[in-house]
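Please model the complete structure; the sequences and the hints are all you need to start from.
Protein chains: 2
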Amino acid sequence: MTLTLPPAEAARELVEPVLREAVGHLDPRIARVARYHFGWTDGDGRPRAAGGKALRPTLAVLSARAAGADLDRCLPAAAAVELVHAFSLLHDDVMDDDPVRRHHPAAWTVFGRAQAILCGNALFALALELLLEQGTPGYAAAARALNRATLSLIAGQTLDLEFQDRDDVTREECLLMSRHKTASLLACACSIGVTAAEGPAALAEALDAFGTEAGLAFQLTDDLLGIWGRPEVTGKPVLADLRTRKKSLPVVAALTSRTGAGRRLAEVLAMPGELTEADLRDAAHLVEQAGGRAWAELEARRRLDAAARCLDAADMPADVRAEFRNIARFITSRDH
Amino acid sequence: MTLTLPPAEAARELVEPVLREAVGHLDPRIARVARYHFGWTDGDGRPRAAGGKALRPTLAVLSARAAGADLDRCLPAAAAVELVHAFSLLHDDVMDDDPVRRHHPAAWTVFGRAQAILCGNALFALALELLLEQGTPGYAAAARALNRATLSLIAGQTLDLEFQDRDDVTREECLLMSRHKTASLLACACSIGVTAAEGPAALAEALDAFGTEAGLAFQLTDDLLGIWGRPEVTGKPVLADLRTRKKSLPVVAALTSRTGAGRRLAEVLAMPGELTEADLRDAAHLVEQAGGRAWAELEARRRLDAAARCLDAADMPADVRAEFRNIARFITSRDH
Chain V
1 MTLTLPPAEA
11 ARELVEPVLR
21 EAVGHLDPRI
31 ARVARYHFGW
41 TDGDGRPRAA
51 GGKALRPTLA
61 VLSARAAGAD
71 LDRCLPAAAA
81 VELVHAFSLL
91 HDDVMDDDPV
101 RRHHPAAWTV
111 FGRAQAILCG
121 NALFALALEL
131 LLEQGTPGYA
141 AAARALNRAT
151 LSLIAGQTLD
161 LEFQDRDDVT
171 REECLLMSRH
181 KTASLLACAC
191 SIGVTAAEGP
201 AALAEALDAF
211 GTEAGLAFQL
221 TDDLLGIWGR
231 PEVTGKPVLA
241 DLRTRKKSLP
251 VVAALTSRTG
261 AGRRLAEVLA
271 MPGELTEADL
281 RDAAHLVEQA
291 GGRAWAELEA
301 RRRLDAAARC
311 LDAADMPADV
321 RAEFRNIARF
331 ITSRDH
Chain Y
1 MTLTLPPAEA
11 ARELVEPVLR
21 EAVGHLDPRI
31 ARVARYHFGW
41 TDGDGRPRAA
51 GGKALRPTLA
61 VLSARAAGAD
71 LDRCLPAAAA
81 VELVHAFSLL
91 HDDVMDDDPV
101 RRHHPAAWTV
111 FGRAQAILCG
121 NALFALALEL
131 LLEQGTPGYA
141 AAARALNRAT
151 LSLIAGQTLD
161 LEFQDRDDVT
171 REECLLMSRH
181 KTASLLACAC
191 SIGVTAAEGP
201 AALAEALDAF
211 GTEAGLAFQL
221 TDDLLGIWGR
231 PEVTGKPVLA
241 DLRTRKKSLP
251 VVAALTSRTG
261 AGRRLAEVLA
271 MPGELTEADL
281 RDAAHLVEQA
291 GGRAWAELEA
301 RRRLDAAARC
311 LDAADMPADV
321 RAEFRNIARF
331 ITSRDH
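In order, the protein sequences belong to chains V and Y. All the letters of the first sequence, read from the start, carry residue numbers 1 to 336 under the working numbering. All the letters of the second sequence, read from the start, carry residue numbers 1 to 336 under the working numbering.
Since the hints were derived computationally from the structure, they do not count as laboratory data. Since this is a predicted model, take the numbers as computed values, not measurements. One or more of the hints may lead you astray.
Distance windows between CB atoms, simulated [as the list claims (entries may be wrong)]:
1) V:E172 / Y:R166: 44 to 54 Å
2) Y:A318 / V:D315: 53 to 63 Å
3) V:A202 / Y:A318: 48 to 58 Å
Beta carbons are placed, not taken as given, at the ideal position from N, Cα and C, and that holds for glycine.
Okay, structure coming up:
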């Protein structure tokens, strides 16, 4: 989805130079793929207007501010989280055979699968190098936190793959997958600034919990937009996730609803060949009838409320709390 | 190649329990792939007699002994190096479409490419987790050293890929590729025990230099055996590397020799379709005539001598120095 954060969050402008500098230290063949994947260059290496929403760096910078830490000192952490995110997207596109990323041909279609896999590996290692080269106990702890979040992300990708071949996935399994695949890295972004600055452990834990809840709300919203989002906002075709028969949260909720609509939805999604526009509209209607949409909307609101409670319970400057809350609201709104 | 280290080096017995315990903490779907890849189970998850030569763990354990460190304390480092090695092999097989690993079907042929990629990623992250969870400055430094060795390894894999599509690779480029792809992780194995134990920096540097030279000698020998090794020793068919037209060091030396034999070798290797047994015998003869074999043998000896000099210049117990030297000799002998 396309997302522009409120102008107050200019984290991208702070973090991008750090990212570009770090990528410049990679082997030139790998750096070429990385620059393309980040949207800095086109397939021939010519500069391009950069895209990307920099959600994770924004959260990491806020995290440092929550601990009263020096902004400059937290930029490696913010860049490292973005590098892990980029790594996961590179590999996702290879594994899913997905030819498009952010409205452009995915890196593997330009440079080949092997180069995309290697570039992903290099970005992950580069993320850890950025943290470990700082040489402080706080940054060593931040490296461990990011590495553990990455292990969780990988477990989420593994579950996601498994679900593609199963027709008995439960809502709880699907939430667990989202917790791993989406929420763990967002939670890490929300707490890594505190950890790197050796701020209070209780603050890091509260922000991690906030990030987990907000991350789940974000995924639920993303899945709702994958069906009912407006193409001009999401950048995807109408009913995109039904087209690819993705086992998104509203769809799984509908399929496991034990309703007639849920059973009919299963039949539609099991039909061979491409689904027609009429099939797709039917399927969307059945998800709604089976209660999948209402459940996902309610669950997203619940998670957003839980996220807010995590923030309220933690000790941080009021303006930082307000910005965290704004971001959580923004990424779970219909307009991002 | 099949390799049995001298019985004195029972590092595998020390390290394997640490590896099995660590793998047990992974998501069960990923752990299944990892256990298969390590040779602990067959494709159905049934126990299998484990293989693997444990060269890197052996070197890491010796490294700790060089610094007079407690053996128990160095096992996470030894296991971590082996995990990175396993990660690189998993991804290599996917990228090269190689269906066989250690006489068994490669993991990706059993579990699919995506699962093999994800398992590789998880093993890399697990390696770093093993080091970072120790929580000491020495282990944080060891994590950084291993991470940097992995970045070098990835650069080597990238060069290797590039060379497959080029016919103007020089001997120097090929040595650089081997330095990255093979020597960097061996060098890390040779020094990580010292680093983790917070031993003298000069000792870690000397052992790193030893590992780099020994690693290059190892690769040169491996490339010689890839052409002239006995199948019952190498586990590969006769003339294996010529069959796959691999740009190994002796081949590149021959191709760039500016001799008639070198030019004829280029013609043979450029022939379309599978090479016949007669072509392969011709090609091996041409590598020899063009001086590729003699150069690789000489260069391997030079590197082995340089490795020995690194050992002699470093301060460590005499029995440890002798064991390092034995291993270097062993992995560059014709019989491993």
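Against the structure, the hints come out as follows:
1. V:E172 / Y:R166: 44 to 54 Å: At 52 Å between Cβs, range holds.
2. Y:A318 / V:D315: 53 to 63 Å: holds (58 Å)
3. V:A202 / Y:A318: 48 to 58 Å: holds (53 Å)
Every hint from the earlier list agrees with this structure, and none is contradicted.
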